[in-house]
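Produce the complete structure using the sequences and hints provided.
Taken in order, these protein sequences are the chains called A and B.
Residue numbers 1 to 239, in the working numbering, belong to the letters of the first sequence in order.
Residue numbers 1001 to 1246, in the working numbering, belong to the letters of the second sequence in order.
Please note: incorrect hints may appear among the correct ones.
Claimed, not checked - Straight-line alpha carbon distances no greater than 30 Å define the calculated DSS-like cross-link-like pairs of lysine-lysine that follow: (1) Lys99(A) to Lys1092(B); (2) Lys183(A) to Lys1239(B); (3) Lys189(A) to Lys1242(B); (4) Lys183(A) to Lys1124(B); (5) Lys189(A) to Lys1120(B); (6) Lys1138(B) to Lys183(A); (7) Lys1124(B) to Lys191(A); (8) Lys191(A) to Lys1138(B); (9) Lys1092(B) to Lys183(A); (10) Lys189(A) to Lys1138(B); (11) Lys189(A) to Lys1092(B); (12) Lys1113(B) to Lys99(A); (13) Lys1242(B) to Lys183(A); (14) Lys191(A) to Lys1239(B).
Unchecked claim - Stretches of chain B that chain A covers, calculated by requiring three or more beta carbons in the stretch to come under 8 Å of a beta carbon on chain A: (15) 1147 to 1155; (16) 1187 to 1197; (17) 1226 to 1232.
In short, the hints are calculated from the structure, not lab data.
No experiment lies behind these values; they were computed from the predicted model shown.
Using N, Cα and C, we set each Cβ at its ideal position, and we do this for glycine too.
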Amino acid sequence: MEKNMDKSLTWFPPEFKELNWRLWSFAIILILSAGALILYPVSQFEGYVDPFYSPTVAVIPLIALFRLSCYAYRKDYYRHVFRHPIACLDGIRFDDNRKGYSGEMTFFSLQNFHRYFLYIAIVILPFFYYDIYVSMTYISGEFIFRLGTIILIANALLLTLWTFSCHAFRHLTGGHTDCYSCKTAGGAKKKFYNGQSYLNRYHEQFAFISLIVVLAVDLYIRALIVGWPIDFTLLKFAI
Amino acid sequence: MQEVKIRIRRSEPAVSNEVRYQEFTVPVGEGMVVLDAVHYIQNNIDPTLSVRWNCKAARCGSCSAEIDGMPKLMCKTRMDTLGKEITINPIKAYPVVKDLVTDVSHNYEIAKKIPPFTPKEGLKEPWTMMQIDVTRSKEFRTCIECFLCQDVCHVIREHQSNYFGPKHVVKIAALDLHPLDSIDRSELLHHDGGLGYCDITKCCQNVCPEEIRITDNAIIPEKERIVDHAYDPIGLLIKKVKRRKW
Chain A
1 MEKNMDKSLT
11 WFPPEFKELN
21 WRLWSFAIIL
31 ILSAGALILY
41 PVSQFEGYVD
51 PFYSPTVAVI
61 PLIALFRLSC
71 YAYRKDYYRH
81 VFRHPIACLD
91 GIRFDDNRKG
101 YSGEMTFFSL
111 QNFHRYFLYI
121 AIVILPFFYY
131 DIYVSMTYIS
141 GEFIFRLGTI
151 ILIANALLLT
161 LWTFSCHAFR
171 HLTGGHTDCY
181 SCKTAGGAKK
191 KFYNGQSYLN
201 RYHEQFAFIS
211 LIVVLAVDLY
221 IRALIVGWPI
231 DFTLLKFAI
Chain B
1001 MQEVKIRIRR
1011 SEPAVSNEVR
1021 YQEFTVPVGE
1031 GMVVLDAVHY
1041 IQNNIDPTLS
1051 VRWNCKAARC
1061 GSCSAEIDGM
1071 PKLMCKTRMD
1081 TLGKEITINP
1091 IKAYPVVKDL
1101 VTDVSHNYEI
1111 AKKIPPFTPK
1121 EGLKEPWTMM
1131 QIDVTRSKEF
1141 RTCIECFLCQ
1151 DVCHVIREHQ
1161 SNYFGPKHVV
1171 KIAALDLHPL
1181 DSIDRSELLH
1191 HDGGLGYCDI
1201 TKCCQNVCPE
1211 EIRITDNAII
1221 PEKERIVDHA
1231 YDPIGLLIKK
1241 VKRRKW
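Structure below.
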């Protein structure tokens, strides 16, 4: 009887009530990128290194694991793949006690190794900045600044923001401390923690936008290869 | 005056198994909250309707209910933010005593399991704390124990487990982050508290009337502390080397 009374809430798709387009676009991006990488591999073009190849395509599984174990993505797929629960609103949660549930106690306790993937991501990050340098100096004796370089800068910055707004990074750099005033340079440590916490508020947004931009860079390079005249040169001089 | 239809779930398990939704028509005035409407029903239509409330100022955490399916405080939900037909349910994670009143005593049993504040050894009185050390745990001390986070948590609501629940993780985080406290309660959370059952879907954070960032600031930091002592071999090794007297 109770269930019948709550039916008024169930006719509307939960995705529209509690918007979560991130997961679905993540799945589409993943399929598109995997297809493009396998069928039409493009590593670089006119000084632009494809972000999937920076520094090598072999690191993609490690970056994928960093993304998959990220708290932002975990929220998305626990909600929308496993439906534990799909929404917070009663009547459209799609979770009940008949469904088995072990949370992060068994297989998903592997998520606890997220910080190791963070270490790898931090090591890989400088390569994106090196790619910016390469895009400006790939012709010997010349400095060139093009639209593509701006896109590469945006990509590197967003990946940096996403990586350093990570909850694991937040814990490792200041979150584990209970008494800042007891530590050497405790005040500076707390200020850094506060700044990082501010970034952390937007971690989910950075996680998604950085992914979109990685794909955008890949598509931009592909557009250049097929001859789209979109790569405006903004500055060019001999060095 | 505008009128709103309010459907309220009525039941009294101690007397009968019957569960029914009763509809009331209530006139809505300016600035009226859901608790005002429930009081109007009690005073003018049906005095047998039961509701737990105390301060009517979002301070005591007594008037928790599910308004149109979302756990909220009745005293903090304005009628003009809702439609012309409203459904009010008691919080579903806990057994109903009568109508909108639920038995939340399970939380008090869990609270007994959490070790209280235990000061570090050898502290000289008066105890002093620096501002930078207390700001983090201060956020958790705004908790009004309304149990909305417990209600919305699917681990408690839909699955049987030993998970303490978000409210108690907030309590533990407040104690763990205290600069003068000597106990690490994350081990308790890992084993007896079942924090691994939490899948950080952030519903608790969404419903908190005090806007405590429960998942980001309490649950995930406690999860990371568990990683420190249970899953991170390199971290453990560094700690061991640091502690060793050469």
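Examine the region 1187 to 1197 of chain B for residues whose CB is less than 8 Å from any CB of chain A, and state whether their number is three or more. holds (count 3)
Below or equal to 30 Å on CA atoms is what counts here, so check Lys99(A) against Lys1092(B). The hint holds at about 18 Å.
Between Lys1124(B) and Lys191(A), does the CA-CA distance stay at or below 30 Å? Given that 30 Å is the threshold and the Cα spacing comes to 28 Å, the pair holds.
Under the criterion that the straight-line Cα-Cα distance not exceed 30 Å, is the pair Lys183(A), Lys1239(B) satisfied? The hint holds at about 16 Å.
Hint consistency between Lys1242(B) and Lys183(A) [alpha-carbon to alpha-carbon, up to 30 Å]: Given that 30 Å is the threshold and the Cα spacing comes to 15 Å, the pair holds.
Coverage criterion applied to the region 1147 to 1155 of chain B (partner chain A; beta-carbon cut 8 Å; 3 residues): holds (count 3)
Agreement of Lys189(A) and Lys1092(B) with the hint, judged by alpha carbon distance not exceeding 30 Å: Given pair Lys189(A), Lys1092(B) is violated - Cα atoms ~43 Å apart, limit 30 Å.
Is the Cα-Cα distance between Lys1113(B) and Lys99(A) 30 Å or less? holds, 29 Å
With the threshold set at 30 Å, check whether the alpha-carbon distance from Lys189(A) to Lys1120(B) stays at or below it. Status holds; Cα separation ~22 Å.
Does the structure keep Lys191(A) and Lys1138(B) at a Cα separation of 30 Å or less? Judged against 30 Å, a Cα distance of about 17 Å means the pair holds.
Can the region 1226 to 1232 of chain B be counted as covered by chain A under the rule of three residues or more with Cβ-Cβ separation shorter than 8 Å? holds (count 6)
Would you check the hint for Lys191(A) and Lys1239(B), treating anything up to 30 Å between C-alpha atoms as holding? Roughly 24 Å between the alpha carbons, so the hint for Lys191(A) and Lys1239(B) holds.
Hint violations for this structure: numbers 9, 11, all remaining hints satisfied.
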